[in-house]
Amino acid sequence: MPKHIASGLKYLAAVKLKEAGESHQAIADELGVDRSTVSHYLNGSNLSWNSIDVARTITELTPRDFLIMANAVFKNPEQSRKIVNICKIHVYDADIEDSCIGCGLCVNVCSMKAIKLESLKAHINSVQCCGCQLCKDECPTDSIKILEIK
Amino acid sequence: MIRNLKEVNDNNFDITRSAEEVRNLSFKDHVCIGCGICESTCPVGAISLNEIAIDSRVQLSNNVYFSGHEKIAQNIHEEFDVQRISINEDKCVLCGMCSGLCPVDALVLTIDGVPISEIEAYPHYIAFSEIDDDECVYCKKCEIACPRDAIAIERVLPNRADLVTGEIEVNKDECIYCGVCQELCPAEAIVVDKETGKESIEIDTSKCVYCLVCKKACPTNAIKALCRICSYGEYDIDPAKAVIKGNSVIDSESCVYCGWCEGVCPTDAAKVKKPFEGTLEVDQEKCQACGACIDICKCNALAFPVSTGPGSRLDHIVAQPDYCIKCKACAKACPNGAITVTRTDVDHTPVNSATWIDALNAIKD
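Heads up: the protein sequence lines correspond to chains A and B, in order. Residue numbering for the first sequence follows this note's numbering, beginning at 202 and increasing consecutively. Residue numbering for the second sequence follows this note's numbering, beginning at 49 and increasing consecutively.
Think of the hints as simulated: they come from the structure by calculation, not from any bench. We put the beta carbon where it would ideally sit given N, CA and C, even for glycine. One should not assume that every hint holds.
Label pairs and their computed distance ranges (CB to CB) [to be verified]:
#	chain 1	residue 1	chain 2	residue 2	range
1	B	ASP182	A	LYS314	52 to 58 angstroms
2	B	ASN348	A	GLN329	27 to 33 angstroms
3	B	ASN409	A	LEU243	56 to 62 angstroms
Below, in silico cross-link-like pairs of lysine to aspartate or glutamate (EDC-like), each with a Cα-Cα straight-line distance of 16 angstroms or less [said to hold, decoys possible]:
#	chain 1	residue 1	chain 2	residue 2
4	B	LYS380	B	GLU87
5	B	LYS139	A	ASP343
6	A	LYS314	B	GLU68
7	B	LYS139	A	ASP338
8	B	LYS346	B	ASP153
9	A	LYS337	A	ASP299
10	A	LYS317	A	GLU298
11	B	LYS289	B	ASP210
12	B	LYS319	B	ASP221
13	B	LYS264	B	ASP210
14	B	LYS319	B	GLU87
15	A	LYS317	B	GLU231
16	B	LYS189	B	GLU178
17	B	LYS412	B	GLU325
18	A	LYS283	A	GLU231
19	A	LYS314	B	GLU69
20	B	LYS139	A	GLU339
21	A	LYS317	B	GLU68
22	B	LYS346	B	GLU68
Not close to chain A: a few residues of chain B, all C-beta gaps over 12 angstroms, as computed [unchecked claim]:
#	residue
23	VAL92
24	GLY144
25	GLU168
26	VAL185
27	GLU191
28	GLU202
29	LEU205
30	VAL228
31	ARG276
32	VAL312
33	THR315
34	LYS346
35	THR388
36	THR403
37	ASP406
Work out the full structure, taking the sequences as your base and the hints as a guide.
Written out as structure tokens, the structure is:
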């Protein structure tokens, strides 16, 4: 079953990338599958609608649950990072307060690799942020505010 | 899910976290000066300063006389064997603020093996101690004065023979090989063999300083000698050979920038820049002369008064603000609140983070 869900998530990602105007080859490279598989996905064959439904439900969970499920299904941090980034529904921005001490706990905990330390302060890249708020929970000085901007 | 993995080594507060980057915080008790800046700075309240045997000091203070007290003051830290600070490993988030603000680098945070004192983004105190080899005469006064034994001076003296010049000669016909000259020679330059039938006398001119003691003592006037310097003034001495050479090393781990070396240096070769400026005062009304401050002070900036005779009572403490680094360890250790230290100036490299700037400002008075 996890394999089916993984395929379902890849299907959803492929559709999103196609909507964004990507070529089949680019989509195949991005998702790490054959070009023919992408064509099958986009033609609606080779997948059960049931697994797509399950996958869609997963993407509609809270961002943190989506991320945890993706990590569990793919067992590959890089792959799940890509899928979550493509399939996430909202866009997030982060507000780091001046109370940030630059301890780097958020950098460590971020599965999306969205956080970098610069000048002893955390900076969150909103393109990569999935809104899971794990960093906010980990922050010892409560300096992170994650905002849903779209 | 990626979790933070902390490895804790109880022996010396080695804390390591590894995930994206490896952060390690270590603590060196022998370097720590007990100032407590880390305790007040830690944003998560993970560090506490251990009080070292205050109760026993108060008892001591009622019964303190000169004899043997200095020994007690020196040994009390070892006797109670207490680490100067405790770190709660569960609370510590390895932000490095304690390390960045530690004036003596007793706490060292490394990120991927690089100490933050070498990372530009972190603030660093502007402090140094150095000995200018061009000015130094290798008198070793600083080595003796340094309260941390941080200075090592090595010197190479010129050969005695290079500083004198003269002539010496033994008339073997007149010499009776009595050995008087050998016994009197201050430079051990003469060897006389007195054994019957094997009599001989040798003078080592590389050791002889032409002091003429042998000549004057010889019962048979067998030695002819003269000192050219005494006879003709400066003569034939190569100035290049008469130079004292040497080198000096300051152990940066032990140095606390107290300024004793600069204070005692007769040639202004030692220079010290302290990280903090401020004042140190002892309220003699409140002081019970227990010696807690003297024990905790790593700079010898506090001392008992000079003895005025056997059994004289040590009723006050003498402060020497010039050699104080304004770390405030004494003020924290004093059980009577008799010491006031103010820190008016903290010299550090610039830093961009607001929290770090606040933390640096907070250690000023």
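Hints, verified against the model:
1. B:ASP182 to A:LYS314: 52 to 58 angstroms: holds, 53 angstroms
2. B:ASN348 to A:GLN329: 27 to 33 angstroms: violated, 56 angstroms
3. B:ASN409 to A:LEU243: 56 to 62 angstroms: About 60 angstroms separates the Cβ atoms of ASN409 (chain B) and LEU243 (chain A), which means 56 to 62 angstroms holds.
4. B:LYS380 to B:GLU87: holds, 12 angstroms
5. B:LYS139 to A:ASP343: holds, 14 angstroms
6. A:LYS314 to B:GLU68: holds, 9 angstroms
7. B:LYS139 to A:ASP338: Roughly 15 angstroms between the alpha carbons, so the hint for LYS139 (chain B) and ASP338 (chain A) holds.
8. B:LYS346 to B:ASP153: Answer holds: LYS346 (chain B) to ASP153 (chain B) is near 14 angstroms, not above 16 angstroms.
9. A:LYS337 to A:ASP299: At roughly 14 angstroms apart (the allowed maximum being 16 angstroms), ASP299 (chain A) and LYS337 (chain A) satisfy the hint.
10. A:LYS317 to A:GLU298: This hinted pair holds, its Cα atoms lying about 15 angstroms apart.
11. B:LYS289 to B:ASP210: holds, 6 angstroms
12. B:LYS319 to B:ASP221: violated, 62 angstroms
13. B:LYS264 to B:ASP210: Cα-Cα ~23 angstroms, so violated.
14. B:LYS319 to B:GLU87: Violated, at about 30 angstroms.
15. A:LYS317 to B:GLU231: Given pair LYS317 (chain A), GLU231 (chain B) is violated - Cα atoms ~81 angstroms apart, limit 16 angstroms.
16. B:LYS189 to B:GLU178: Holds, because 14 angstroms separates the two Cα atoms, which is no more than 16 angstroms.
17. B:LYS412 to B:GLU325: holds, 10 angstroms
18. A:LYS283 to A:GLU231: holds, 8 angstroms
19. A:LYS314 to B:GLU69: Roughly 12 angstroms separates the two Cα atoms, so the pair holds.
20. B:LYS139 to A:GLU339: With a Cα-Cα distance of about 12 angstroms, the restraint between LYS139 (chain B) and GLU339 (chain A) holds, given a limit of 16 angstroms.
21. A:LYS317 to B:GLU68: holds, 10 angstroms
22. B:LYS346 to B:GLU68: violated, 39 angstroms
23. VAL92: violated, 5 angstroms
24. GLY144: violated, 7 angstroms
25. GLU168: violated, 10 angstroms
26. VAL185: holds, 45 angstroms
27. GLU191: holds, 39 angstroms
28. GLU202: Given a closest Cβ separation of 42 angstroms, the condition holds.
29. LEU205: With a cut-off of 12 angstroms, LEU205 (chain B) remains clear of chain A, as the shortest Cβ separation is near 52 angstroms.
30. VAL228: holds, 79 angstroms
31. ARG276: holds, 70 angstroms
32. VAL312: Per Cβ check, VAL312 (chain B) is outside 12 angstroms of chain A; nearest 40 angstroms; holds.
33. THR315: The claim holds: THR315 (chain B) sits with its nearest Cβ about 42 angstroms from chain A, beyond 12 angstroms.
34. LYS346: holds, 28 angstroms
35. THR388: Nearest chain A Cβ is 31 angstroms from THR388 (chain B), so the label holds.
36. THR403: Since the minimum Cβ distance to chain A is about 5 angstroms, THR403 (chain B) lies within 12 angstroms and the statement is violated.
37. ASP406: Non-interface label on ASP406 (chain B) violated, nearest chain A Cβ at 8 angstroms vs cutoff 12 angstroms.
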